[in-house]
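Participant: Chain by chain, the residues:
There are 2 protein chains.
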Amino acid sequence: MPELRKDPVTGRWVIIATDRARLPGDFVRQPVVEKPGRFCPFCSGNELKTPPEVLAYRDKGAANEPGWTLRVIPNKFPALRVEGHITRQGEGLYDRMTGIGAHEVVIETPSHTISMSGLPEKHIENVFWAFRDRINDLKRDSRLRYIVVFKNHGELAGSSIEHSHSQLIALPVVPKQVIEEMDGARRYFDFKERCIYCDIAHQESESMARVVIETEHFMAMAPYAPRYPFETWIVPHRHESHFENSTPEEMQNLAWVMRSLLRRMDKTLERPAFNFMLHTAPVQEGALQHYHWHIEVMPRLTKVAGFEWGTGFYINPTPPEEAARFLREAGLT
Amino acid sequence: MPELRKDPVTGRWVIIATDRARLPGDFVRQPVVEKPGRFCPFCSGNELKTPPEVLAYRDKGAANEPGWTLRVIPNKFPALRVEGHITRQGEGLYDRMTGIGAHEVVIETPSHTISMSGLPEKHIENVFWAFRDRINDLKRDSRLRYIVVFKNHGELAGSSIEHSHSQLIALPVVPKQVIEEMDGARRYFDFKERCIYCDIAHQESESMARVVIETEHFMAMAPYAPRYPFETWIVPHRHESHFENSTPEEMQNLAWVMRSLLRRMDKTLERPAFNFMLHTAPVQEGALQHYHWHIEVMPRLTKVAGFEWGTGFYINPTPPEEAARFLREAGLT
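One line per chain: the protein sequences are Z and X, in this order. In this text, residue positions in the first sequence follow the working numbering: the first is 1114, and each later residue adds one. In this text, residue positions in the second sequence follow the working numbering: the first is 1114, and each later residue adds one.
Don't read these hints as lab results, they were simulated from the structure. Possibly wrong hints are sitting among the right ones.
[As the list claims (entries may be wrong)] 35 Å max Cα-Cα, derived DSBU-like pairs, lysine-lysine:
no. : chain 1 : residue 1 : chain 2 : residue 2
1   : Z       : Lys-1162  : Z       : Lys-1173
2   : X       : Lys-1119  : Z       : Lys-1119
3   : Z       : Lys-1148  : Z       : Lys-1162
4   : X       : Lys-1162  : X       : Lys-1305
5   : Z       : Lys-1119  : X       : Lys-1289
6   : X       : Lys-1252  : Z       : Lys-1189
7   : X       : Lys-1235  : Z       : Lys-1289
8   : X       : Lys-1289  : X       : Lys-1252
9   : Z       : Lys-1189  : X       : Lys-1380
10  : X       : Lys-1235  : X       : Lys-1252
11  : X       : Lys-1173  : Z       : Lys-1119
12  : X       : Lys-1189  : X       : Lys-1148
13  : X       : Lys-1148  : X       : Lys-1380
14  : Z       : Lys-1189  : Z       : Lys-1119
15  : Z       : Lys-1289  : Z       : Lys-1119
16  : X       : Lys-1162  : Z       : Lys-1289
17  : X       : Lys-1289  : Z       : Lys-1305
18  : X       : Lys-1148  : Z       : Lys-1380
19  : X       : Lys-1173  : Z       : Lys-1289
20  : Z       : Lys-1148  : X       : Lys-1148
21  : Z       : Lys-1252  : X       : Lys-1289
22  : X       : Lys-1119  : Z       : Lys-1252
23  : Z       : Lys-1148  : X       : Lys-1380
24  : Z       : Lys-1119  : X       : Lys-1189
25  : X       : Lys-1148  : Z       : Lys-1289
26  : X       : Lys-1148  : X       : Lys-1173
27  : X       : Lys-1235  : Z       : Lys-1380
28  : X       : Lys-1252  : X       : Lys-1305
[As the list claims (entries may be wrong)] Here are a few chain Z residues that sit away from chain X, every Cβ distance over 12 Å (derived from the structure):
no. : residue
29  : Glu-1116
30  : Thr-1163
31  : Leu-1183
32  : Gln-1202
33  : Arg-1209
34  : Arg-1245
35  : Lys-1289
36  : Thr-1360
37  : Ser-1373
38  : Gly-1425
Every value quoted in this text rests on a predicted model; they were computed, and no experiment measured them. Beta carbons are placed, not taken as given, at the ideal position from N, Cα and C, and that holds for glycine.
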């Protein structure tokens, strides 16, 4: 019997097709493979082919020279720009504003052919430090209300550049789905006087049915009402609304968990394309009792069709308990 | 300068990348082509390979025999089933319910190789009549609160079967995005005492900048804040919240408009994959002053990436004024 499950934060219903569960072998696998050879502006040595860096972690060399292990640059074709003023304007019944913002690329490694799951733990940690450093810098511009941090890996996940990278987009508005998530968490807090994510982590840790990895500081788990097969959330144990306030111990542990999760996905799902997105509180807000930052990771195994587009109502052919079991038992650390 | 535009109904902000507009030739085209030859259960003569039909329009022949021009069958692998009772149950802090509902397939033509844009007008009209007939039948089951009607055309749009078809999914809950659209329309009505879609149609008809086709009964237009390049909405002139209450004249005219729009897309975008979805009021509600049914058509030209997934915030590289101009000038009737 198929089941309808409700995401406790957003209230989104999802159909979980329990009676014809699709397991890893049932998906058409399209492993992400690296094709070296073509010119790549993200490779070490090609620094002058990109806009000047806004941040780099380097062992040697001057700015915009080789010697870096991680480099952050403005997107060459930014969706939004920092220059100018925010002007809101009407157009009959419509509303528009100037596209103030920032769009940056985190080049995660100088090497063209290593994907994130293949990076040493310390390098993955650097990626998270770079997110922190750029968030802290960008949020000084009080016009910027939200910073979306995400990664597209593989063509199926919308990435047009193979070289391992992630992105930040700073926006003058808080996106609708972020507001909805925050509102949902606030409603729960108003009712229970507890953070819903803390409660989720607690319940999951007790049942273990959907837990993939649990460490001192984090839980990687399949959510109760996942939109996609093998969707996995990384949730910190310590209550904190803003990712950028993570401790050094947490950053280190997060890198370990992310690496372990991606390697488990690589093994179970044959190097799938994936997206991850950081869910964190709006940068101009103070500490929030009701919200709890986390990362949502989504392997891209199925095409999203008309039904999902139009309704925000998803059919997921893999129960999260099955997905978690496969990833948990992937036999990797 | 990129522009942020707000969808007036849902409040969703979209980045319109005006300064590097992508025009039809800039997209990697992947025309949908028919590959005849394989066995297809939707073809005439194979009626016994599908579940028994729940509706058919036929010139001759008995039920589940050849002679039909359109046939509606239950999905062989339904996401939801009609049998059973709705049971809502908690699981710690989570909520679930049994997957009561229906999932049906409208086989739009007995021919395997004709896609919707190639069907005669009268056959497209029959597709809309089939939607109406099935909605009217399904809504007699008062447990069913919403009926999602949609079409996926081409693999990129999530279709695994080539034979031209659309689908209905009847749900025991109203999907979140439908509620949001209804709520947005209600807020406008509370403020203005007018239907927002009527106002939109009126404003678009005056400016003509985003109009693709205007007929006696309908307007096909690029919305002001489209999520996707060449996204087009078909909006009836007459205020009506429920699609199933359309008049015969409207149904006939809708078929003409849909055919013309799909043919314009085929010509401009080289037979793209597309989705369309019917946006209509929940079936158990009476006539609503604030809501206005319409159809949203989305060619699938770009891959949706991590940014869009996580935020509901879209970057659209084609301004709707450009998209509308290309479709308007496609030189077809």
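Participant: May I ask which of the numbered hints given earlier this structure violates, with the numbers listed in increasing order?
Facilitator: Hints 4, 6, 7, 11, 14, 16, 19, 25, 27, 29, 32, 33, 35 and 38 not satisfied by this model.
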